[in-house]
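Peer 1: With the sequences and hints as input, model every part of the structure.
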Amino acid sequence: MTIDRGVEDLLRALAPQVLAALVRRSGRFDASEDAVQEALLAASLQWPEQGIPDNPRAWLVTVATRRLADAARSESARRRREDVTAAREPAPAPSHGDPADPDAVSGDRDDTLTLLFLCCHPELSPPSQLALTLRAVGGLTTAEIARAFLVPEATMAQRISRAKQRIKASGAHFRLPPDTEWADRLAVVLHVLYLVFNEGYMATSGPDLQRTDLTAEAIRLTRAVHRALPDDGEVAGLLALMLLTDARRAARTGPDGNLVPLAEQDRSRWDRAAIDEGVALITATLATARLGPYQLQAAIAAVHDEAAGDEETDWPQVLALYDLLARLWPSPMVTLNRAVAVAMVRGPQAGLDELVVLDADERMADHHRVHAVRAHLLELAGDPEAARASYREAARRTTSLAERRYLELCARRITPRATTSAMNMSGT
Amino acid sequence: MKYMLIIYGNQETWDSFDPDVMADIIRQTDALNSELAASGELVGAFGLADRVQARTVRVRDDVPAVTDGPYLEAKEYLASFTIVDCDGPERALEIAARNPASRYGQVEVWPILHEAGVEM
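Same order as they appear, the protein sequences are chains A and B. Residue 1027 is where the first sequence starts when you use the numbering used here, and the numbers rise one by one after that. Residue 153 is where the second sequence starts when you use the numbering used here, and the numbers rise one by one after that.
None of these hints come from the bench; they were simulated from the model. Treat the hints with care, since some could be wrong.
[Stated by the list, open to error] Partner residues are not named here, just some residues of chain B that face chain A (Cβ under 8 Å, in silico):
| no. | residue |
| --- | --- |
| 1 | N185 |
| 2 | A189 |
| 3 | A190 |
| 4 | G192 |
| 5 | V195 |
| 6 | V211 |
| 7 | D237 |
| 8 | D239 |
| 9 | L265 |
| 10 | H266 |
| 11 | E267 |
Since the structure is predicted, the reported quantities are computational estimates derived from the model, not experimental observations. Beta carbons are placed, not taken as given, at the ideal position from N, Cα and C, and that holds for glycine.
Peer 2: Shown next as structure tokens:
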């Protein structure tokens, strides 16, 4: 189904508002979600032909409310929704611009946030949180989400249905979490948005071109959270990190779909507007908000994005930021990425020395990124044999097709005296 | 994260089962697949036909040659495979352990390469 881009954007923007209106009235998240999907489907079929109603939000609320009532009357509603012919039935057409909707103006921003907290409920597994967020808050259809995650539609339909059942069983209510839970719950929401971004980051350039643009969706949703919580530094930090990372997308893969490391990217292909926005956002946030790990990662991304070329990168600044990150929010990944910065400032051997602690860490010792960074530093240190062996080990350990190809290429192109500048895999 | 669970067959082992045991294995396998479908983790479960129906294709000098088989020396052969999309490696191993084939033979668990982005 191809629908008008404008209609599609409008429906995505309205989806969480309409769902919130229904859940608030009925108190039933699962049934309301089904009803909203039906209304969105009806709109996507009717609006391109008949025109967008004067008050599209009210139209959707009316149609969805009727569907909710129908569903309550009939056990067969679910089967009917899944029937394509049923979906093509014209929806009962409310008069355009009609019913006055009391929720129409106020509370839309909080509604999006409340829905996100519900979809990212700690009771759900991460795959379920992702799927439900994209459907209920993002307004994507089950088919679109299934395509994005390369699973059959039936699989995704079950995952979403099970997620909604779990939310119902958990007794969660449609309201923002209390202050005592706020920080933890928001951290889960941000992590889900981060995962959605990552899921799509490589996708459009891989062999599979079917995937929905999940990075754009992640940025759109994170923007919505930022609008709702403009003073939260970590929300702003995550949005900046996404913008500054996505800005490099066009340069990140070659014409053959192969990964191009940061050091070798054609920086003229970077998205300047996204970089400017990300830099302005993180600069303003660092000056005012309480510091957090997303903000520091965004600051590091900003240093890279502002360098005219790889040689102009302000590595001492990158290292200073990693030092801060390692002190305040230590993690094996931070240790690993910091080792690259150490190598760029103090030489490859100093970087290799930093990796020693990771060998003792069971979670990391065999992680492909440790092998990849070690390979890169060994190459810089002038030990091609050891570098090649580490690249091959890294290629064996990754589960990403693009990374495997890239790491195998690095191993292959090492000649005994090679000094190709293979950048670390972190992309930061 | 997607995983392929590979189950090898051994005709002698299968032939040695009592009908009751075999029926039980089938019932448990079906029940597990239904459960995985309901949880939204099952991408697909496929059994392979007997190897008398298998063919092997080789192209040499642009000329394809099709032969029967493979008639391998090994007694073990690829019997079925299941693809799941689940939370992580622990869950994939848990699902493999629930498959009755793991009690009579073995189930191999292989990660499937993905296209997701390198983490930021």
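Peer 1: All hints are to be evaluated individually against the structure, with a verdict given for each.
Peer 2: These are the hints, each one checked on the structure:
1. N185: 12 Å, violated
2. A189: 6 Å, holds
3. A190: 6 Å, holds
4. G192: 3 Å, holds
5. V195: Hint holds; V195(B) Cβ to chain A Cβ min 5 Å, cut 8 Å.
6. V211: 22 Å, violated
7. D237: 5 Å, holds
8. D239: At 5 Å from the nearest chain A Cβ, D239(B) passes the 8 Å test, so the hint holds.
9. L265: It holds, given that the least Cβ distance between L265(B) and chain A is near 4 Å, below 8 Å.
10. H266: Hint on H266(B): holds, closest Cβ of chain A at ~6 Å, below 8 Å.
11. E267: 4 Å, holds
In this structure, the earlier hints numbered 1, 6 are contradicted, and the remaining ones agree with it.
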